[in-house]
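K.L.:
These are the residues of each chain, in order.
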Amino acid sequence: MDDFLRAATVFVLAMVALGLRCVLRGPCDADRMMAAQLFGSGGIAALLLFQAASGLKPVIDVALTLAVLAAFASVAFVKAGTNSNDAEEGPQQ
Amino acid sequence: MTTTTIFGFCAAVLVGLGLYGLIVNPQPLRKLLAFNLMGNGVFLICAVIARRGAAAGMGGDPVPQALLITAIVVAFAASALAVALMLRLSEETGACSLSSTRGEGD
Amino acid sequence: MSIATHISLALLLLGLAFWTIVVRDTFSAVAGFIPYGLLLTSAWLALAAIDVALTEAAIGAGLTGALLIAAASRLHKTEIAARAEQRGTITRILAAILATTMTAAIMACILRLPDRAPTLAPTVARHLAQTGVGNPITAVLLSFRAMDTLLEAIVLLVGLIAIWSLAPDRAWGGRPGQAQTEDPKGPLAYLARVLPPIGIVIAIYIFWVGADHPGGKFQGATILAAMWLLVMMSGLSDAPAIDRGWLRFLLIVGPAAFIAVGFLGVVVAGAFLSYPTGFAKLLIVLIEAALLPSLAVTLALLLAGPPRRPGRRA
Amino acid sequence: MTAAANLLTITAVLAGAFFFLAGTVGLLRFPDTLTRLHALTKADNLGLGLVVLGLLPRTGSVVAGFKLILVWLLVLLASSAVSQLIARNARRSPP
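Chains as they are written, first to last, in my numbering: chain A, 1 to 93; chain B, 1 to 106; chain C, 1 to 314; chain D, 1 to 95.
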């Protein structure tokens, strides 16, 4: 059973890596930001599978922390983008 | 091939990559990324040493692990300061560059 | 099989690190740095450093990613000019040789580490009972090496003062960042209303279990800081002006309580930061509880940057 | 009972892995940003949900199971809000 879970971990990691390769190359910055999203779901899944295989209880807390902060970097990206656009349209001072 | 050797080698390559990036990339933000990679390499070596010191029912030596927590937080503060300096520089000169001729020219 | 997981993890980590170094576009490099932080979290787990993994999950994957992404977006315009300064081939080759030598030297050192690794774990285990806490990392951070943690809290504060000192004169005492205008019914405002209550509960939980299980003030404070920043970014509540009294109070309450307990140790137990017998756990919890809001506010303001607009509306 | 739990774990984790595969195929094959975003957020979150479902019988305590479900709900919340924001950003500034 543990071997099955470890195999699943490696498989999910491989899928995430493949997706990552594609997303990071992506034509625009929005594509690249998807890398953080991809890891938000795929990375956490790999972490949970890894935890189930190795039996470390507090790993769930790590996953919880990652899940709470999953949106944070992307929100910073969107805000930085809109703010610099605003600045170009008209100075605020 | 044990786990500690794998991550020890991984850390060595991280330090090398960081050093290369620090020298080759001209933009300060890229240098900051490279410096963070180097720092992470050093942290990883510290964690490898902690892991090798597993004893008394603990997964690793707690002293280097506690130092790592401190180190990660301080590295974040240093990065924040570096970013603030870069943004201020670009506000002031319209460019963000370490080369002196450029800053004076603009 | 476990080794295979670790090797694939290390390879993916190195692949992302390589990407952040060699790719031309700065934004792509930073976008690669966020998943890199998440993978590093797994690396700490593989090395059985769960407390470190929690810190990395909160700081490396959360705050640092947001910091760098925002910087990359705002420095986008200056990037084209900087590209002209690309280093020549000879520099690149020399740098590659230097980096390879460095890597080889470290690898050799890793292979030659002594077989009986030196460790302080038994010493920590022997003295753990005296501190009253069950998590050895917390015991090291707040009892055995409390001086380091005190200095760290002060370093963070000094870092914040350094960032504030970059403010232009007219903005001194004002609010950091730009005024946020966001649709109060949009998805971001929704997220900023739903997530922080849950996040605050999780942050306090992580802080509380830190006495006996992996967790603690740094991780909890980082989550609190992120939640506050989320509310600021959504425009639901503006960033505070940095000359507010309550803000200054929150910033120093943690280090001040820490130093006060240190001097209490001089009087009661005969040395700076030594705890009187039987009161260790109480004092540790006291220091942690005072540090939590200080660290949260410091981390949030470190990310918010120097003040850029006047605080008080005339 | 253990056999049934193991069967659930294997089935659900395999199904979850399939959806991660589907999400990655979507990322590789779809032509533009918005469709890729769609593939990523839909399929991968379903995959994570199935993995969480599969791991539930192995958690051993109710609190741990509750935390697992909370992880999934938080990721759902984050990715639904963020995918909207990224999509708006992508429409405002085409490549």
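If you are wondering where the hints come from, they were derived from the structure by calculation, not from laboratory data. It cannot be assumed that every hint is accurate.
As the list claims (entries may be wrong) - No farther apart than 20 Å at their CA atoms in a straight line, the calculated lysine to aspartate or glutamate pairs in the EDC-like style are these:
1. C:281 x B:92
2. C:77 x B:91
3. B:31 x C:148
4. A:57 x C:238
5. C:281 x C:115
6. C:281 x C:238
7. A:57 x A:2
8. D:67 x C:148
9. C:185 x C:238
K.L.:
List, from low to high, the hint numbers that the structure doesn't satisfy.
P.N.:
Of the numbered hints given earlier, those the structure breaks are 1, 3, 4, 5, 6 and 8, listed in rising order.
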